[in-house]
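Q: The residues making up each chain are set out below.
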Amino acid sequence: MRAKSILTEARQIETAVELIHLGARLQVLESETDLSYERLLRLYKEVAGKSPSKGQLPFSTDWFMTWQPNIHASLFLNIHEYLNKVAELEEIDTVIKAYKLYLEQVSAQGLEPQLSVTRAWRLVKFIDNGMLTMTACSKCGGHFVTHPHEIARHYVCGLCNPPARAGKGRNAGAIRVSDKIEAGLVPH
Amino acid sequence: MNADQILAEIREANLSYLMLSQTLIRADRDQALFRLGVSEETANLIGALTPAQMMKIAAGNTLLCRMRSDDDVVWGLLTSHGKSSANDSVSRLHASILMAGRHQEAA
Chain A
1 MRAKSILTEA RQIETAVELI HLGARLQVLE SETDLSYERL LRLYKEVAGK SPSKGQLPFS
61 TDWFMTWQPN IHASLFLNIH EYLNKVAELE EIDTVIKAYK LYLEQVSAQG LEPQLSVTRA
121 WRLVKFIDNG MLTMTACSKC GGHFVTHPHE IARHYVCGLC NPPARAGKGR NAGAIRVSDK
181 IEAGLVPH
Chain B
1001 MNADQILAEI REANLSYLML SQTLIRADRD QALFRLGVSE ETANLIGALT PAQMMKIAAG
1061 NTLLCRMRSD DDVVWGLLTS HGKSSANDSV SRLHASILMA GRHQEAA
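Chains as they are written, first to last, in my numbering: chain A, 1 to 188; chain B, 1001 to 1107.
Everything labelled a hint here was simulated from the structure, so no lab data went into it.
Don't take each hint at face value.
[Said to hold, decoys possible] Pulled a few chain B residues facing chain A out of the computed Cβ check, cut under 10 Å: (1) 1028; (2) 1043; (3) 1071; (4) 1098; (5) 1102.
We put the CB at the ideal spot given by N, CA and C, even for glycine.
Construct the entire structure; sequences and hints are all you get.
A: Right, here's the structure in full:
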């Protein structure tokens, strides 16, 4: 049996606190640390000042395929892969650092982050178990989140070829490409 | 701008760049690797520079930093002037994705 190290535990609590600050769901903490459910619950209340939200995690890969989430997910994953390549980090630390860089990047451009840390973590898991992958766009060469077995030669990303009504609808504060402005019908 | 001015400006830019790099590396080395686009070995060397070394390295007639992207696709996206503001943010996101995908530069 593995003796419990206090140092390891301290490090895990630190990781957990960081994740809670970023808004992670309790399930993420449970999966990434060896701390008991009760302790995590207490930690969560202490750090966040409220009970964690209940219910299942979003488990579908479909969300990552819709236009705007796909752009955000691709940005995060590119940063994640970058850190993965150049820095030697624990898996969860790579997610945390990449997510922070993603938040910075998005807010520097005056956009609302669409990707939550829970979704970002989930995305990395989906990539690890092959449910999602990255494919290079045949036009711009950028790497984007796609289903596995996408035909690489014909793949064109959502930014090179945005859907006609891309970004319209309920998501306020997001990137909105107005086709009227594009067509020059409305002054801007 | 005469030659002396040019040399002074280059030294100034080099020195600011080195100092900022060192600050970033000391604050969070892993994130700095992404921000600077350098390898771990280079980051270690820059992180360990003394002020005197920095002054010495900064002096010269060439810049120590170079444009992050040699790619006209990225520059095209970054400089898409005159387009609508909605389109502009899409272009910048697009450029960010392309630039974040370049890890071979740090290898």
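Q: Take the hints in turn and mark each one as holding or not.
A: Right, here's what the structure says about each hint:
no.: 1; hint: 1028; in the structure: holds, 7 Å
no.: 2; hint: 1043; in the structure: holds, 9 Å
no.: 3; hint: 1071; in the structure: holds, 8 Å
no.: 4; hint: 1098; in the structure: holds, 4 Å
no.: 5; hint: 1102; in the structure: holds, 8 Å
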